[in-house]
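The primary structure of each chain is shown beneath.
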Amino acid sequence: MNAIKQLFGGNTRQFGMIFALVALIVFFQFMTGGVILTPDNVINLVNGYSYILILAIGMVLVIIAGHIDLSVGSVAAFVGIVVALTMRDWHLPWYMGIVVGLVLGALIGAWQGFFVAYVGIPAFIVTLAGMLLFRGANQYFGKSLTVPVPTDFQFIGAGYLNEVGPDTGYNNLTLLVGFIIVAALIWSGLRNHRKAVALGADVKPLWVTITKLVILCAVVLYATYLFATGRPGTSFPVPGIILGVLVLAYGFIAARTTIGRHIYAVGGNRHAAALSGVKSKRTDFLVILNMAVLAGLAGMIFVARSNASGPSDGVGWELDAIAAVFIGGAAVTGGVGTVVGSMIGGLVMAVLNNGLQLMGVGSDMTQIIKGLVLLAAVVFDVYNKSQGKASFIGLMMKKLGGRDNPDLAVAEPLRDAVRTES
Amino acid sequence: MTKTSVLESDTLMPSANPIILQMQSITKEFPGVKALSDVSITVRASEIHSICGENGAGKSTLMKVLSGVYPYGSYDGEIVFQNEVCQFKDIRASEHAGIVIIHQELALIPELSITENIFLGNEPTKFGIINWDEARLRTIELMARVGLSEDPDTPVKEIGVGKQQLVEIAKALNKSVKLLILDEPTAALNESDSQHLLDLIRGLKGKGISCIMISHKLNEIEQVSDSITIIRDGKSIETLDVKADGVDEDRIIKGMVGRTLESRFPEHTPKIGEVFFEVKNWTVRHPQIADRLVCKNSSFNVRRGEIVGFAGLMGAGRTELARSLFGRSYGHYISGQIIKDGKEITLRNVPEAIKHGLGYVTEDRKTLGLNLLDDIKTTTVAANLDAISKRSVVNLGKEYEVAEQYRKQLRTKTPSVDEGVSKLSGGNQQKVVLAKWMFTDPDLLILDEPTRGIDVGAKYEIYGIIQALANQGKGVIVISSELPELLGISDRIYTIFEGAITGVLNKSQASQESLMKRMTAAKKSA
Chain W
1 MNAIKQLFGG
11 NTRQFGMIFA
21 LVALIVFFQF
31 MTGGVILTPD
41 NVINLVNGYS
51 YILILAIGMV
61 LVIIAGHIDL
71 SVGSVAAFVG
81 IVVALTMRDW
91 HLPWYMGIVV
101 GLVLGALIGA
111 WQGFFVAYVG
121 IPAFIVTLAG
131 MLLFRGANQY
141 FGKSLTVPVP
151 TDFQFIGAGY
161 LNEVGPDTGY
171 NNLTLLVGFI
181 IVAALIWSGL
191 RNHRKAVALG
201 ADVKPLWVTI
211 TKLVILCAVV
221 LYATYLFATG
231 RPGTSFPVPG
241 IILGVLVLAY
251 GFIAARTTIG
261 RHIYAVGGNR
271 HAAALSGVKS
281 KRTDFLVILN
291 MAVLAGLAGM
301 IFVARSNASG
311 PSDGVGWELD
321 AIAAVFIGGA
331 AVTGGVGTVV
341 GSMIGGLVMA
351 VLNNGLQLMG
361 VGSDMTQIIK
371 GLVLLAAVVF
381 DVYNKSQGKA
391 SFIGLMMKKL
401 GGRDNPDLAV
411 AEPLRDAVRT
421 ES
Chain E
1001 MTKTSVLESD
1011 TLMPSANPII
1021 LQMQSITKEF
1031 PGVKALSDVS
1041 ITVRASEIHS
1051 ICGENGAGKS
1061 TLMKVLSGVY
1071 PYGSYDGEIV
1081 FQNEVCQFKD
1091 IRASEHAGIV
1101 IIHQELALIP
1111 ELSITENIFL
1121 GNEPTKFGII
1131 NWDEARLRTI
1141 ELMARVGLSE
1151 DPDTPVKEIG
1161 VGKQQLVEIA
1171 KALNKSVKLL
1181 ILDEPTAALN
1191 ESDSQHLLDL
1201 IRGLKGKGIS
1211 CIMISHKLNE
1221 IEQVSDSITI
1231 IRDGKSIETL
1241 DVKADGVDED
1251 RIIKGMVGRT
1261 LESRFPEHTP
1271 KIGEVFFEVK
1281 NWTVRHPQIA
1291 DRLVCKNSSF
1301 NVRRGEIVGF
1311 AGLMGAGRTE
1321 LARSLFGRSY
1331 GHYISGQIIK
1341 DGKEITLRNV
1351 PEAIKHGLGY
1361 VTEDRKTLGL
1371 NLLDDIKTTT
1381 VAANLDAISK
1391 RSVVNLGKEY
1401 EVAEQYRKQL
1411 RTKTPSVDEG
1421 VSKLSGGNQQ
1431 KVVLAKWMFT
1441 DPDLLILDEP
1451 TRGIDVGAKY
1461 EIYGIIQALA
1471 NQGKGVIVIS
1481 SELPELLGIS
1491 DRIYTIFEGA
1501 ITGVLNKSQA
1511 SQESLMKRMT
1521 AAKKSA
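The listed protein sequences derive, respectively, from chains W and E. With my numbering applied, the first sequence has no gaps in its numbers, which climb one by one up to 422 at the end. With my numbering applied, the second sequence has no gaps in its numbers, which climb one by one up to 1526 at the end.
Simulated from the structure, these hints should not be mistaken for lab results. Do not take every clue at face value.
No farther apart than 20 Å at their CA atoms in a straight line, the calculated lysine to any residue pairs in the SDA-like style are these [unchecked claim]:
#	chain 1	residue 1	chain 2	residue 2
1	E	K1398	W	T258
2	E	K1355	W	I121
3	W	K195	E	V1394
4	W	K279	E	N1471
5	W	K281	W	G169
6	W	K195	E	V1393
7	W	K195	E	K1398
8	E	K1398	W	I253
9	W	K279	E	G1357
10	W	K281	E	D1386
11	W	K281	E	E1352
12	W	K195	E	Q1405
13	W	K279	E	T1367
14	W	K279	E	T1346
15	W	K279	W	A255
16	E	K1280	E	T1367
17	W	K281	E	N1349
18	W	K195	E	D1418
19	W	K279	E	K1355
20	E	K1390	W	I121
21	E	K1390	W	M359
22	W	K195	E	E1352
Take the sequences, apply the hints, and build the full model.
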């Protein structure tokens, strides 16, 4: 057990969720007779959930900063219809369509961010209003009709990596991407280890780093194999590439940049942050603005995938994104959460959805099960804390794997019972 | 010491009173830590029993064991209360037995009225309907017992902290309390409110209610206690009979730290230079109330290498002055100038203030000073992230180095700088906050109640840090409610009353009496 503890840093819930994810995959693999891990299904899974995961990236930052955004589904739908209309009526090329979508997302974000950050209206209210407003706007401009998008635009939602080079029986570009990721993982893993040793910080033993790398690389290589052997014409999907780039970029921003620090600081203690020179209003504004841009992007990807923008696109997306973030270890009170954790949370939901579908479970039962999983994930976390096992992994690890979920994050009322005398 | 109270009953001889509470061989372990080890304490009827010890010694843990916060079974040892062995499973059980604990952070609901708060969870009902008339009448009665004259329908948020403390005690009296536990009851109170509270506790003693008090204010402990139990490193060291043993503050400190402190302030020869920071006619209005000025035409100056004290009663406007100077982080600026190094500067926000070399350590560490979710290294660099960042990317290696350097320099007690700040004791938390501001390399550091809630040993170290900063040629402003602290550390002391500066005294001229006179002067002339 100690060895496992050594291997997985991060917080308990995130750690638990990795296991839950693996367990779910194994379970469905067994129940569906191996269908879940076929190339076609995995490709479908990425195609069908990448836009939710993109929303979760923005949402985790919003939630870390101590806010919430209920408008993302409507914003996505509104951006989708505007992009579809401009391309149809003004004959904009596909790339200009994307620019229009991103700029519109930024404008919407600035609108909502202004009210949240500078007028001081709770984000819950502002984005609840936005949810109604932009849903209505979608239906007003689209006349509640479905508006098709041009074929070249559909690439961002339904495209795949091209076939290039010699016929190896695999998709060469997918293989290349896979190998690059493996190389990057090994390089950065060993570099971080060396750096930590040089600093004399708490270091995990070398075998931990290596075992971790081996497991990660094996997972990546297996995924590469799956994606590279799909039906002819399919390979690693474009939305997946967009998602991957965003996860890397936002993971880095959250963990390593000053603005990332400011987001955690504002969510952790707004007053203390302000008195340390953090421009907390600007931070709030940027976080909300960023969310709307990503919502716009998610909306465009969805429209591209379904070949058309419709009046009920994006209904309920906000809830999927929020659920992913909380399953992924964020705290309701703000200040805690990670981008990668939210991706794991999102994948748990996605695999659950997909697996149940493959098993032929109806959408009624699927929703019931998803609801229970969300509740169970948070209950598990709170229960662990109330038992004084603040994080049975984290305690050993002293948070080497990123931001811990400290004792008092979710279980605020239980704080006194948990901590020793301060 | 002058006895001011008429309530005090010297007729009762505490040592002859029957024993009301015995905690025997209490041992409480947390994963990896033995918080209490074989602690015993005996409290007699009608006695004020103080528990002294440094932060982290185990005082609060002991009280949580007694009050059932840590239920029976989670600790070893025995509690005998009124000759019965008690096995409290929660706070309700201990309250039922007559033990009421009043925490440092008050457990009142700000929006509810005094009556509603006193009867919360204990409402007088008839057929399930609350009888508010009866509740109100009993509230008036209880308020009279604690010396509080307010409308019982006043929301608690509208009365001051001192009165809120009295409401808490009234609430305890309503539960027919036999043993009252007060955790740092006067920490947030000003001099006169504290005195009133202490008088009240003595009065309760006369009516047969025992009291256990935890406080860092040793002068108060010496003043009111009948006996004192000293806890150090989770063990009960000794129990002193205040009258018989002739206990004074130095005797208590000796027990708490396990050695005699030659002095409570480190030796320091000031190296004072020229005036480099000057504030002229500073006037600031209250953030909500338009016609209320929190700073009235205040002018003062600070010289290089000088430690300047600011004395004033709670609510006199000391914090308001400091925060309004620090990038206008409080109130509405009306007029006034800040002159630094001969040039007038304008500080519109906190980042500008930091850029111009100001630092401000807040009075309330937990709500204003720290992000309790952070670890030590993140906190240390939080106010000067740019110094360890290149194009907005934080250099984690540098962050670690900086935090390590300050940990060693300030001797912060922690296993590593990766530790969460919430796990540190008050003194060590304060060191981390000081490190955060030292890393911004300020010319003027304003410290607001820098030693509140910090134990004696750590206080001494903090004073040393302050003096070292002054020796580097920085100006330091210390705001404190503890006059002996100001007298011990400051080179010069300004007094503030109701937002106005009422005087300035050099170290040689200042005494508690001369300061107190100026801190209340305007009140008497008005």
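Okay, the hints, checked on the actual structure:
1. Distance hint between E/K1398 and W/T258 is fulfilled; the C-alpha atoms sit about 14 Å from each other, no more than 20 Å.
2. Between E/K1355 and W/I121 the alpha-carbon distance is near 30 Å, which puts this suggested pair outside the 20 Å criterion.
3. Under the criterion of a C-alpha separation no larger than 20 Å, the hint pairing W/K195 with E/V1394 is consistent with the structure, at around 15 Å.
4. Between W/K279 and E/N1471 the alpha-carbon distance is near 32 Å, which puts this suggested pair outside the 20 Å criterion.
5. Taking the CA atoms of W/K281 and W/G169, the gap is near 54 Å; set against the 20 Å cutoff, the hint is violated.
6. About 17 Å separates the Cα atoms of W/K195 and E/V1393, which keeps this hinted pair within 20 Å; it holds.
7. At roughly 11 Å between alpha-carbon atoms, W/K195 and E/K1398 fall within 20 Å of each other, so this suggested pair holds.
8. Pair hint E/K1398 plus W/I253 holds up; C-alpha atoms about 18 Å apart against a cutoff of 20 Å.
9. In summary, the hint linking W/K279 to E/G1357 is supported, as the alpha carbons are separated by about 18 Å, within the 20 Å threshold.
10. For the hint pairing W/K281 with E/D1386, the CA-to-CA distance comes to about 19 Å; that is within 20 Å, so the pair holds.
11. Note on W/K281 and E/E1352: the hinted pairing holds, with a Cα-Cα distance of about 16 Å set against a maximum of 20 Å.
12. Pair hint W/K195 plus E/Q1405 holds up; C-alpha atoms about 18 Å apart against a cutoff of 20 Å.
13. Simply put, W/K279 and E/T1367 have alpha-carbon atoms about 18 Å apart, close enough for the 20 Å limit, and the pair holds.
14. For the hint linking W/K279 to E/T1346, the alpha-carbon distance of about 18 Å falls within 20 Å, and the restraint holds.
15. Proximity of W/K279 to W/A255 is assessed by CA-CA distance (about 18 Å); at most 20 Å being required, the pair is judged to hold.
16. Under the criterion of a C-alpha separation no larger than 20 Å, the hint pairing E/K1280 with E/T1367 is inconsistent with the structure, at around 30 Å.
17. The straight-line distance between the Cα atoms of W/K281 and E/N1349 is roughly 12 Å, inside the 20 Å bound, and the hint therefore holds.
18. Between the alpha carbons of W/K195 and E/D1418 the distance comes to roughly 16 Å, so the proposed pair stays at or under 20 Å and holds.
19. Our distance criterion of 20 Å between C-alpha atoms is met by W/K279 and E/K1355, whose separation comes to about 14 Å.
20. Using a Cα cut-off of 20 Å, the hinted pair E/K1390 and W/I121 is violated, with the two alpha carbons roughly 34 Å apart.
21. A C-alpha spacing of about 52 Å is found between E/K1390 and W/M359, which places the hinted pair above 20 Å, so the restraint is violated.
22. Taken as a hint, the W/K195 and E/E1352 pair is broken in the structure, with Cα atoms around 35 Å apart against an allowance of 20 Å.
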